[in-house]
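Peer 1: Protein chains in written order, with numbering that gives the first Met the number 0: chain D, 0 to 138; chain C, 0 to 138; chain H, 0 to 138; chain F, 0 to 138; chain X, 0 to 138; chain W, 0 to 138; chain S, 0 to 138; chain L, 0 to 138.
I should point out that these hints are in silico values taken from the structure, not numbers from a laboratory. Warning: the hint list may mix true and false statements.
As the list claims (entries may be wrong) - Only pairs whose alpha carbons sit at most 27 Å apart, straight line, appear in this in silico DSSO-like list of lysine-lysine:
#1 F:K55 / H:K135
#2 D:K20 / D:K45
#3 S:K36 / L:K130
#4 C:K138 / C:K20
#5 W:K130 / X:K135
#6 L:K138 / S:K130
#7 D:K138 / D:K20
#8 W:K45 / S:K138
#9 H:K135 / H:K36
#10 H:K130 / H:K45
#11 L:K119 / L:K55
#12 F:K130 / H:K36
#13 X:K138 / W:K130
#14 S:K36 / S:K21
#15 D:K130 / D:K21
#16 S:K138 / D:K45
#17 D:K55 / C:K135
#18 F:K135 / F:K21
#19 L:K55 / W:K45
#20 X:K130 / X:K45
#21 X:K138 / X:K36
#22 S:K45 / D:K45
#23 X:K138 / W:K20
#24 H:K138 / C:K45
Said to hold, decoys possible - Ranges between beta-carbon positions, derived for each pair:
#25 S:E2 / W:P32: 53 to 61 Å
#26 X:E34 / F:T136: 51 to 59 Å
#27 S:R3 / C:T136: 41 to 49 Å
#28 X:E2 / F:E2: 33 to 41 Å
#29 W:E80 / S:E2: 49 to 57 Å
#30 L:N56 / W:G133: 34 to 42 Å
#31 H:K20 / X:G133: 50 to 58 Å
#32 X:E53 / W:P32: 30 to 38 Å
Claimed, not checked - So these bits of chain C aren't anywhere near chain F, every CB distance computed over 12 Å:
#33 Y33
#34 D96
#35 G107
Ideal placement from N, C-alpha and C gives every residue a C-beta, glycine not left out.
There are 8 protein chains.
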Amino acid sequence: MTERPLVSIIIGSRSDLELAKKAEEVLNEFCIPYELKILSAHRNQKELIEYLEESKNYVKVYIAIAGLAAHLPGFIASRVEQPVIGVPRDVKLMGLDALLSIVQMPSGVPVATVGIDNAKNGAYLAIRILKIAGFKTCK
Amino acid sequence: MTERPLVSIIIGSRSDLELAKKAEEVLNEFCIPYELKILSAHRNQKELIEYLEESKNYVKVYIAIAGLAAHLPGFIASRVEQPVIGVPRDVKLMGLDALLSIVQMPSGVPVATVGIDNAKNGAYLAIRILKIAGFKTCK
Amino acid sequence: MTERPLVSIIIGSRSDLELAKKAEEVLNEFCIPYELKILSAHRNQKELIEYLEESKNYVKVYIAIAGLAAHLPGFIASRVEQPVIGVPRDVKLMGLDALLSIVQMPSGVPVATVGIDNAKNGAYLAIRILKIAGFKTCK
Amino acid sequence: MTERPLVSIIIGSRSDLELAKKAEEVLNEFCIPYELKILSAHRNQKELIEYLEESKNYVKVYIAIAGLAAHLPGFIASRVEQPVIGVPRDVKLMGLDALLSIVQMPSGVPVATVGIDNAKNGAYLAIRILKIAGFKTCK
Amino acid sequence: MTERPLVSIIIGSRSDLELAKKAEEVLNEFCIPYELKILSAHRNQKELIEYLEESKNYVKVYIAIAGLAAHLPGFIASRVEQPVIGVPRDVKLMGLDALLSIVQMPSGVPVATVGIDNAKNGAYLAIRILKIAGFKTCK
Amino acid sequence: MTERPLVSIIIGSRSDLELAKKAEEVLNEFCIPYELKILSAHRNQKELIEYLEESKNYVKVYIAIAGLAAHLPGFIASRVEQPVIGVPRDVKLMGLDALLSIVQMPSGVPVATVGIDNAKNGAYLAIRILKIAGFKTCK
Amino acid sequence: MTERPLVSIIIGSRSDLELAKKAEEVLNEFCIPYELKILSAHRNQKELIEYLEESKNYVKVYIAIAGLAAHLPGFIASRVEQPVIGVPRDVKLMGLDALLSIVQMPSGVPVATVGIDNAKNGAYLAIRILKIAGFKTCK
Amino acid sequence: MTERPLVSIIIGSRSDLELAKKAEEVLNEFCIPYELKILSAHRNQKELIEYLEESKNYVKVYIAIAGLAAHLPGFIASRVEQPVIGVPRDVKLMGLDALLSIVQMPSGVPVATVGIDNAKNGAYLAIRILKIAGFKTCK
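Let the hints inform the model, and build the full structure from the sequences given.
Peer 2: Below, the structure is given as C-alpha cells:
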C-alpha cells in the first residue's frame, strides 16, 4: 500500500492479530489505506509514544484492540486529538473487563467503543468517520 | 444559533434532558452548532425516521442518549451513514442494560459507545470527529 | 402449510435458524400454522417494515429471536399491536446482552421475554395466547 | 367493578402493592376488568392453588409480580393454561435475582417476562393479548 | 437398601442425574440410607406434592438439585418442615440463575444453599445435620 | 437465658449487630436458647478458635453473618462438625462478594447459605435443623 | 514531614481526595513518611511521567487510587520497578469497572490490588512491604 | 535449591499445581529461591498454621493461589505480617468468586490481589517487593 495510511490499527500483543485481521478485511474492502502496529501501552510505551507522535500527523482515525485491563485505547486517546475507536477483546471474563476498561473513560478523554470482539464494527465506524471527513471509499 | 447544526443530539424522552444538557455544555463551549430532538425509537418512530431523512443532509455526527433497552442509537445507525455516538443512561441496573443494548451491535451497524451517563464524552468524541473533518472549533 | 399463518417467527440472520427450528417443532406438534422470516431490524429495516405492515393483518403472535444488542423484538412491538415474544440468543456474554436488550423495554412497548436460547418456550407461550383467543390446537 | 375479571394480578406480599397499582392504572385506563390477590407461592400455597383452580375458569391472563427468588409467576404457569406475565421486582440485587428466577423457566412452562419493576408493561402486554382474543378496550 | 431413607434427593429432570450421583456417592460412603426421585416442581407438581406428603413422615433432610429458574428447593421448603438443601446446577449463565433462584428465598422459607454444581457439599451438609440429630454414620 | 445455648450466632464486627438482631428475634420467638459472639476470622482468630473448641461441645448449629470477603462461615465449618449457616451481608457490591465467598466452598466443607441480609432465614433454617434433632420450640 | 517519603499516594482527580485521606491516616498512624499527588494518567500524563521519573529514586511503594476505567495504577506499574498498589474507587457500577481495570493487568506488569474503596488496606499493604524491606514503623 | 526460600507459594489442592508452575517459572528465571506447599485453609488448617508459624521466620513474601470461595490468601494474611499475594483461579464463575473472595478483605488484613489465573503476575509482584527489600535477582 503506497498511499499514506488514514487508519492506524494498534494491538497490544501478537495474540490480538486474528481480531485485527477482521478489521483489515473491512478496510481493504473499502480501499482505505491503513497500517498495523503491535505496541503495548504497558510493555512498549516508549515506542508507542514515538509512533503516536509521528503518526498523528497523517492518521485520521485510530483503532485499538485490547483485552483484559485494556488501557491501550484510552492511552492513545490521551495523546492524540483524533477519534480513537476501542475494540474490547475477550481474553478473560467474556471480555467484560476489557469492555469496561475501554468504555468507562473519564470525561475529556473519550474512546468510541464497539462490541466485544467486534473488530469489524471498529472498521465500519472508522469508515463512517472518514466519509464525513470527505475521504472516498471504493464501496 | 443560526448556523446549520453539525451535531444532532437525540433523546428518547424528557427524562434524558438533564444528561443531554451536559453534552450541550461541551458543544457550546467549543462553539459547535447543534440541535436537540426528543424522539423515541419506539414511540415516535415515524417522526424519528422523517427527522433522520431530513437531518442526514446536514448533520455530521449524531449523539443518541438512552436508557434501559436502549435501541435509539442503533436505530439511528441503521438509517444514516454518519457516525452515531451512543450514551448509555443509568435508569435501571446501573446502566448495564443500556450499555450492552448500545455497544453490542451486529457487524455493519456500529455505534460509537461512551461511558454510562457520560454525555460529556459523547460531545468530546463528536468534536474529535468534526475536527478531522476540518470543522473549526473556538477552543 | 396452506392455512393463513397465525404465528410469525422472525429472526435477524441465518445464524438464528437452528434456534428457530426449535420453535417450529413445537408449533408443528400443535398444528399451528406459522411462517418464518429472516429480516434484521438493522440491515433489512425497510423489508421488515413492509412485512409487518402486511402480516399484521393476519398474524396473531410474533416470535422474534435475536442475539447481542437484540433490538428486533422491540422494533416489532413498536410497529404492531399484537403480542410480541422475544427469545434472547446467546451469541456473546452468555446471552445477557440479548436478554437485557429485549426485556428492559420502555413502558408502553412490552416484549414478552422468555429464557435465553429457549425458543421452545417462545412457541409454548404463543400457543397459550392463541388458546385464550379461541384457536384450536391438535394437542 | 361488576364485570367478570379478565385479568388477575397476583402479588406475593403487601410490599408489592405499590407496583401492582401501576398495572392497575393501565388496566383501568383501558377499562379492563381485573382482580388483585395477595397470595404467596411459598406461604399461602394452598389458598393460591384454590384461587387458581377457580379463577382459571374466567381469567384470560395472569400478571404475577414478585421479588427475590420470584417463583410466583412460574408456579402459576405450572397450574393454569393461560398466558402468565411475570414482573420482576427489585427487592435485592437490583432485581436481577427476580428477573432470572422468572425468565429462565424450563421448556414447557413459559412465563412472559417484562422489565424489572415495569408493572405497566405487564398490563400493556395483557391488553395486547386480550385484544387479539377479541376483547374490547375503551382506548 | 432396606432401611427407611433418611435423606431424599429430588431432581427435576433426568439431566440432573449425573449431579445427583455425586451426592449419592457421599451418602453411600457414610452409609446413609436415601432415596432418589425425579419430580419437577413445574411438570410433576401433583406427584411431587403426593411424594412430599408421604415422605415427610420419615425423611429427615431433603436435597434438591435444579438448574435455570430453580424453584424445586423452595417449593419443597414451602411444603415440609425439614431442612431443605438446594444445589444450583449450571445449565445456563454459569449457574448464577439457579443460585439466585435458590438462595434468595423470602423470610420464613429458608433453603440451605450450597455451591454451584457442588452436590457433594449437599450431601456433606445433610450428614452434618443428621449427626447432630443423633444418626450414626459409618465414617 | 439460663439454658445451654443450642445456637451460636457469630459476627465478625459490631457493624453486623443489626443483622444479628433479626436472627435473635426469630430465635427468641421460638424460645431457642442461643449466644452471640463478635469474633472475626481474620482479626480475632485465636479467640475464635478457642471459642469454637469450647462451644462445639454444646452448640448444635452455628449461624455466621459476614460481609465482603466473608470467610467467617467457612472458617467455622472447617473447625466444627455441626451444620454452619452462612448469612451474606451487603457491605459492598450488593452483597454478591459475601454470597460467593460463603456459598462457593470446596467439597467437604459445606456452608448452608441463605439469602443476602436474610438473617431471619438463617434463624428459620437453624430451627428446622433443631426440630429434626428433637429439640422443642415454643411455636 | 521532613523525611524523604517512602510511599507515594497518587490520585487522578480531586474527587479521590476523601479516599486518599483514609490511606494517609493509616500511614500517619504508623509514622510512614509519604507524599500525595493529584495526577491523571490521561489528563496530566506528562507531569505524571516527570514525577515518576524523579520519585522512583526515593519512593519504595506507590499507592494509586482511581475510579471508572482506572488506568492510573497500571500506568505507574509500567514506568517504575517498585510495587504499585491499586485501590479501585466506586464511581460507577459499584466500582466493578475500576476493580477489573486495575486487577486484570497483562503478565509482566502486576498491580497489587486491594478491595473497592478500601484505601486503608492500600496503606496496610504498603506497610507490610516496607517492613520486610527493613523500614521501621512506630506501631 | 539450597538457599533459604524467600518466597512461599501455597496452593489449596493439587488441581492448582499447573497454575503454581507458572509462578515457579518466573521465580526460577529471576533466581529467587522459593518453596511450594499444598495446604488447604479448610482441610489442612492445622498443618497450614504450623507451616506459617515456622516459615514466617524466613519467608519474605507469600503467594497463595486459590479458586472458588478462595479463603487461603486471607487466612495467611491474618497470621503473618509479610505481604501476601493472592491469585484467583477460575474454577467456577470465570473466577469471579475467587477474585471477590480474595480482594474484598476487611480493613487491616490486606491481600495484594493480581488477575484471574495470572500466577505469573503473582511472581512478578513478589519480585518487585523483594527488590525494594534489597534482594538480588539474576535478571
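Peer 1: Each hint needs a verdict: does it hold in this structure or not?
Peer 2: Each hint tested on the structure:
1. Annotation: proposed proximity of K55 (chain F) to K135 (chain H) holds, straight-line Cα distance about 18 Å (limit 27 Å).
2. A threshold of 27 Å between alpha carbons decides the hint, and for K20 (chain D) with K45 (chain D) the separation of about 25 Å falls inside it, so the pair holds.
3. About 24 Å separates the Cα atoms of K36 (chain S) and K130 (chain L), which keeps this hinted pair within 27 Å; it holds.
4. As the CA atoms of K138 (chain C) and K20 (chain C) are separated by approximately 19 Å, the hinted pair is consistent with the 27 Å bound.
5. With a C-alpha separation of about 18 Å, the suggested pairing of K130 (chain W) with K135 (chain X) holds against the 27 Å cut-off.
6. A distance of roughly 24 Å separates the Cα atoms of K138 (chain L) and K130 (chain S); the hinted pair therefore holds under the 27 Å criterion.
7. Restraint check for K138 (chain D) and K20 (chain D): the C-alpha separation of about 19 Å stays at or below 27 Å, so the hint holds.
8. For the suggested pair K45 (chain W) and K138 (chain S), the alpha carbons sit about 21 Å apart, so the restraint of at most 27 Å is met.
9. For the hint pairing K135 (chain H) with K36 (chain H), the CA-to-CA distance comes to about 24 Å; that is within 27 Å, so the pair holds.
10. Distance restraint check for K130 (chain H) and K45 (chain H): the Cα-Cα separation of roughly 32 Å exceeds the 27 Å cut-off, and the hinted pair is therefore not satisfied.
11. Taken as a hint, the K119 (chain L) and K55 (chain L) pair is honoured in the structure, with Cα atoms around 23 Å apart against an allowance of 27 Å.
12. Taken as a hint, the K130 (chain F) and K36 (chain H) pair is honoured in the structure, with Cα atoms around 24 Å apart against an allowance of 27 Å.
13. At roughly 24 Å between alpha-carbon atoms, K138 (chain X) and K130 (chain W) fall within 27 Å of each other, so this suggested pair holds.
14. With a C-alpha separation of about 15 Å, the suggested pair K36 (chain S) and K21 (chain S) falls inside the 27 Å cut-off, and the hint holds.
15. Proximity of K130 (chain D) to K21 (chain D) is assessed by CA-CA distance (about 20 Å); at most 27 Å being required, the pair is judged to hold.
16. The suggested pairing of K138 (chain S) with K45 (chain D) is violated, with an alpha-carbon distance near 42 Å, which exceeds 27 Å.
17. For the suggested pair K55 (chain D) and K135 (chain C), the alpha carbons sit about 18 Å apart, so the restraint of at most 27 Å is met.
18. Proposed proximity of K135 (chain F) and K21 (chain F) is supported: the alpha carbons are some 21 Å apart, at most 27 Å.
19. The straight-line distance between the Cα atoms of K55 (chain L) and K45 (chain W) is roughly 17 Å, inside the 27 Å bound, and the hint therefore holds.
20. Annotation: proposed proximity of K130 (chain X) to K45 (chain X) is violated, straight-line Cα distance about 32 Å (limit 27 Å).
21. Restraint check: the Cα-Cα separation between K138 (chain X) and K36 (chain X) comes to about 25 Å, which is no more than 27 Å; the hinted pair holds.
22. A hinted pair counts as satisfied when its Cα atoms are at most 27 Å apart, and K45 (chain S) with K45 (chain D) qualifies at roughly 13 Å.
23. Between K138 (chain X) and K20 (chain W) the CA atoms are separated by roughly 37 Å; this puts the pair beyond 27 Å, and the hint is violated.
24. Under the criterion of a C-alpha separation no larger than 27 Å, the hint pairing K138 (chain H) with K45 (chain C) is inconsistent with the structure, at around 41 Å.
25. Separation of E2 (chain S) from P32 (chain W) is about 57 Å and conforms to the stated range, judged on CB atoms against 53 to 61 Å.
26. Between E34 (chain X) and T136 (chain F) the beta carbon distance is about 53 Å. The supplied range of 51 to 59 Å therefore holds.
27. Checked against the given bound of 41 to 49 Å, the beta carbons of R3 (chain S) and T136 (chain C), roughly 45 Å apart, stay inside it.
28. For E2 (chain X) paired with E2 (chain F), a C-beta distance near 59 Å fails the hint of 33 to 41 Å.
29. Checked against the given bound of 49 to 57 Å, the beta carbons of E80 (chain W) and E2 (chain S), roughly 54 Å apart, stay inside it.
30. Distance hint for N56 (chain L) and G133 (chain W): a CB-CB separation of about 50 Å, inconsistent with the stated range 34 to 42 Å.
31. The beta-carbon spacing between K20 (chain H) and G133 (chain X), approximately 56 Å, falls within the hinted interval of 50 to 58 Å.
32. Separation of E53 (chain X) from P32 (chain W) is about 34 Å and conforms to the stated range, judged on CB atoms against 30 to 38 Å.
33. Taking the minimum C-beta to C-beta distance to chain F, about 31 Å, the non-interface status of Y33 (chain C) holds against the 12 Å cut.
34. Listed as outside the interface, D96 (chain C) is inconsistent with that label: its C-beta sits roughly 9 Å from the nearest C-beta of chain F, within the 12 Å cut-off.
35. Every CB of chain F is more than 12 Å from the CB of G107 (chain C) (nearest about 28 Å), matching its label as outside the interface.
In the structure shown, a violation is registered for the earlier hints numbered 10, 16, 20, 23, 24, 28, 30, 34, in ascending order.
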